[in-house]
Amino acid sequence: MIVELGHFALIAAFAVAIAQTVVPLVGAHKGWSDWMALGRPAASLQFWLVLFSFGALTYAFVTSDFSLQLVVMNSHTDKPMLYKISGVWGNHEGSLLLWVVILALFGATAAWFGNQLPPTLRARVLGVQGSISVAFLAFILFTSNPFLRLEFPPFNGEDLNPLLQDPGLAFHPPFLYLGYVGLSMAYSFAVAALLEGRVDAAWGRWVRPWTLAAWLFLTIGIALGSWWAYYELGWGGFWFWDPVENASFMPWLIAAALLHSAIVVEKREALKSWTILLAILAFGFSLIGTFIVRSGVLTSVHAFANDPERGVYILGILVFFTGGALLLFAIRGGAMEAKGVFSTVSRESALVFNNVLLAVSCFVVFIGTMWPLIAEMAFDRKLSVGPPFFNAAFTPFVIGLAALLPLGAVLPWKRADAARAMKPLWYALALAVFIGALVWAMQTGRSAGGPLGAGLGVWLVVGAGVDLYLRTGQKGSLSQRFGRVVRLPRADWGKAVAHAGFGITIFGVAALMAWEQEDIRVLQVGESLTVGKYEVVLEDVSRVEGPNYLSTMARMHVYEDGRDIDVLFPEKRIYPVAAMPTTEAGIDNGFWRDVYAVIGDPQQGGGWAVRVYIKPFANWIWGGAIIMSLGGVLSLSDRRYRVAAGARRRREAAAQGVPAE
Amino acid sequence: MIRALILTLALLIAGPVFAVQPDEILEDPVLEERARDLSANIRCLVCRNESIDESNAELARDLRVLVRERLVAGDSDQDVIDYLVDRYGEFVLLTPQKTGSNFVLWYAGPAVFLLALAVAIGYLRGRQNAKEAAVSELSEAEEDRLKALLKD
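Taken in order, these protein sequences are the chains called A and B.
Each step along the first sequence adds one to the number in this note's numbering, with nothing skipped, and position 201 is 201.
Each step along the second sequence adds one to the number in this note's numbering, with nothing skipped, and position 83 is 83.
It is worth saying that the hints were derived from the structure and are not from the lab.
Being a predicted model, the structure only gives us computed values, none of them experimental.
The beta-carbon is built from N, C-alpha and C at its ideal position, and this holds for glycine as well.
Hints may be right or wrong, so weigh each one.
Subject to a maximum C-alpha distance of 20 Å in a straight line, what follows is the list of computed DMTMM-like cross-link-like pairs (lysine to aspartate or glutamate) [claimed, not checked]:
{"id": "1", "chain 1": "B", "residue 1": "LYS147", "chain 2": "A", "residue 2": "ASP638"}
{"id": "2", "chain 1": "B", "residue 1": "LYS98", "chain 2": "B", "residue 2": "GLU69"}
{"id": "3", "chain 1": "B", "residue 1": "LYS98", "chain 2": "A", "residue 2": "GLU571"}
Partial chain B-side listing against chain A, Cβ under 7 Å, derived [claimed, not checked]:
{"id": "4", "residue": "SER76"}
{"id": "5", "residue": "PRO96"}
{"id": "6", "residue": "VAL112"}
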């Protein structure tokens, strides 16, 4: 019964979304305020309906309702509760439903918190957002309905893909979708602005919080995915330049560019049409990502539900929304005149270079991802584009970005003197070069990556500190400055924290790639191997039975310089229902390094294949990403964005203050 | 009974044979290092998107052994690559060759960067020489509201 209600709610949401699209858009065009006003209740109602539908599907998974085809294909009664719930979005249909829930949620937040938006802009934003919902709800209802019943329900399900039965991956998709789909708000604002024919400083301010929220969720989502790959795939790779990873990385790069260019719109009323274009592209890349993941045109480690017919539908959505918006941009974009005047050396131009580097690096990822397809169709060459290409083609832009960032961040607006702005940064630069040189001298190999990463990391982190210090003004004792730095706006803190996080991630990646150590051996139980200053003893191998899997579990003792530091239990699991093996690495997490152990197959002559890696600074990669998103949270909590609440309070105060006549 | 069945099943399914196996490793550390570097650049043809160095598949193992055999036989790195491309096509390489149409792939990034740089510098020059727009498009009331909003 609940399942039928969920299905019905989804159909109702489709109808509401059509109303949400048509009525406010027509109203805004004709200037009918009652038609425009429909946008808010419709967006709200659409969200509750879709949420109910999602709840109904979750209920079916939790209660293991095997009359539902989707539950049969992705669940099993023995599965732990967490994975019964995450199984809801561990498949094509359910994940698409989650997509739509988040889409509706973002639309609804514009309805709930958009008090300060001019009515026509709000109506248009909600209308455009509604139209995206219409497209995706139609996609679900007509091609990927999660509520299909089976005539003869089986006794039990076929289990979820074992690789997905993992805490890291359980929460990876919701965060990723919050990011992907959150960019739809930037898109809706851009199209609404094009329809209005006007972009001003206020628009720049309104579009930022949503972009910031989308970006920070995307950051967390990507970090979770990378962390999962690190401990689950069995050899500790953290990024594969896989099409599916690139699909999430491209919107991230564009969203980062958009965040920065929207600042220029807000503060200086320049870069308007470029910002609009970025907003369209950001969501365009989200749609391209959806297309890549679900259509199966590109092969990937983690693509699921490949279906050409669905691919064609998503391609249609992609062409309609991106193409339509770009056409509108071509017609209307020229009308957005820039107002701010600034010199070639200024914060504005630094942000322009930030955008150039981020956009071009996104382009490099894009062409690398699509090239196998292009080469096959246009040149009849069947080839692969793998990590070596991306590492070579992408890295220079990141280095350029990191090298320019600290200076750009402290340049004054309008007109700057680069030499003067650089003055307080000389110490940071000197320290960075010194650390880089020190690392170069100390390392055993001759890799340039490690020292470069260390230097850039120091430059970014110390540069962020200098940025905060400069914000405390020209004069004052250290304690006065300290008092001021604590009271700085959260946006300033957010900026510094995010930039420092970027530096930490760069260092983590460089260090891991430069200084990783490994050993692969056959060990008899009781024997040990040595990697660097670590000794790993294989003490025992036993068979263990889990709730829905069988495991070969090893016990390995880790000694550092003879000191007992940890016991690891790497496993090799087999999920009989899905007939799939997985590896679970045993990891001793540390601040400076991870000790990463994997147990392999029993050997013919007795003993087990054992791999042990020392992964220096591995956790800094994800730590940096988390710090970056923390910077986003700080910035998002700045009181400027709560201006609606503040303005309301002031109005009320003013109303009370006026004496009655 | 069911337990026995599951155990038999589990035995039938091969466990994950992971990446490089101990018995594949060459005695000569220099050759082994070269083999690892080469392997990272060779695609496991039956896998979705993994190099033979990372892959668990049987074919990847065969290719790893093949690479090592060629190296021991005295092939240079380029010889090994040519041999593999000859047998499996350029699909087997994870680094696309810099030949023919692939020039577009390799040089598109730098070319677009230079183009974007030129456009950006042109734009910045324009901004520097532009006159501050005197007349606002906003009505007075809107301008006031904007100021109130931006003051926070």
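Consistency of the hints with the structure:
1. B/LYS147 <-> A/ASP638: Judged against 20 Å, a Cα distance of about 18 Å means the pair holds.
2. B/LYS98 <-> B/GLU69: Distance ~27 Å between B/LYS98 and B/GLU69 Cα, so the pair is violated.
3. B/LYS98 <-> A/GLU571: The given pair, whose Cα atoms are some 42 Å apart, is violated under the 20 Å limit.
4. SER76: 18 Å, violated
5. PRO96: 5 Å, holds
6. VAL112: Holds, about 5 Å.
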